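There are 2 protein chains.
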Amino acid sequence: MNNSRFSISVHILTLLASAKGEVLTSDYLAGSININPVLVRKELINLRKHNLINSREGKNGGAYLSKAAKDIRLSDVYEAVRQSPLLGQAKNTPNPKCPIGRQMDNHLTNLYDDAERAMVEQLRATTLSQFLNQFD
Amino acid sequence: MNNSRFSISVHILTLLASAKGEVLTSDYLAGSININPVLVRKELINLRKHNLINSREGKNGGAYLSKAAKDIRLSDVYEAVRQSPLLGQAKNTPNPKCPIGRQMDNHLTNLYDDAERAMVEQLRATTLSQFLNQFD
DNA sequence: CATAACTGTAACAATATATATTACAATTCA
DNA sequence: TGAATTGTAATATATATTGTTACAGTTATG
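In order, the protein sequence lines correspond to chains A and B. Its first residue numbered 0, the first sequence is counted upward by one per residue in numbering that gives the first Met the number 0. Its first residue numbered 0, the second sequence is counted upward by one per residue in numbering that gives the first Met the number 0.
Check before you lean on any hint, since a few could be wrong.
No distinction is drawn between identical chains; accordingly, a pair holds when it is met within one copy or between any pair of copies.
[What the hints assert, rightly or not] Below, in silico cross-link-like pairs of lysine-lysine (DSSO-like), each with a Cα-Cα straight-line distance of 27 Å or less: (1) K48 / K96; (2) K58 / K69; (3) K48 / K19; (4) K48 / K66; (5) K96 / K58; (6) K19 / K96; (7) K19 / K69; (8) K96 / K41; (9) K41 / K69.
What the hints contain is simulated information worked out from the structure, not anything from laboratory work. Here the structure is a predicted model, which is why all the values come from computation and not from measurement.
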């Protein structure tokens, strides 16, 4: 990952889980997270695309979880916000004339896949419900 | 991590391991990686600080591994370039008035520590020597 | 001992990415 | 119909990454 989208999405989902089915507005969510409401709405759209939340337009609209918090694993959240490999591949293209350089990307990609998989497995161990239960 | 420094450092170390003790110049390394030599020199300084390489100034100068490739684990490289948690904490400070928001950073930090630890353990499984052996 | 080949390092420029803001159409409730 | 809200685009601002230039300091070697 590259930014703080995972943090923001976990924060949103934790708030929704604590709301027990009530809808929360993007303004309310943004107020707790302390970021711009438009960013929250963008994240909500992404989370909805990944079937983690639903939202309602119009007056009394807002967002709510689309399934029970115990059925959402933090790995699901990670996968929803993931856009590029965890360990940043360099932008440059290694020199194809160099026998090491020209194979580097392949081997690094394999290595990164394994490393990222290990991390996702760890995230899979925690459900949203468990995460929420840690809060007082 | 945030950038491609891990990739660059692994690339550098792989080239040095393949050179079997011969020194390589930052210009040569930069040519294989296809980045600016100054960036390579900066990475070399960091790798040296972490006791992975040594370097010699002046004519016929350059860099070389400071220990056997089999004694360098890819987790060592990760730790050398690591500067911030793997999963980016958001820049914003959650609203301290929100009972969820005010505890969020703590719980996220614990979560991230566990996730990152799992990934580092996976990297620890591969030595630089093993990584190099994958190349034709 | 002069010269060429290097590293070390600072200062700065360019580019890319992330985040924030503004604005407003579309939707829904009451 | 009016108020509250999402959805979304366009644009601005901030921050981070990467690249460049320049040059002082170091070392090997003829």
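Hint-by-hint comparison with the structure:
no.: 1; hint: K48 / K96; result: neither (43 Å within a copy, 31 Å between copies)
no.: 2; hint: K58 / K69; result: neither (29 Å within a copy, 64 Å between copies)
no.: 3; hint: K48 / K19; result: within (21 Å within a copy, 51 Å between copies)
no.: 4; hint: K48 / K66; result: within (14 Å within a copy, 49 Å between copies)
no.: 5; hint: K96 / K58; result: between (62 Å within a copy, 26 Å between copies)
no.: 6; hint: K19 / K96; result: between (59 Å within a copy, 20 Å between copies)
no.: 7; hint: K19 / K69; result: within (12 Å within a copy, 53 Å between copies)
no.: 8; hint: K96 / K41; result: between (44 Å within a copy, 24 Å between copies)
no.: 9; hint: K41 / K69; result: within (24 Å within a copy, 47 Å between copies)
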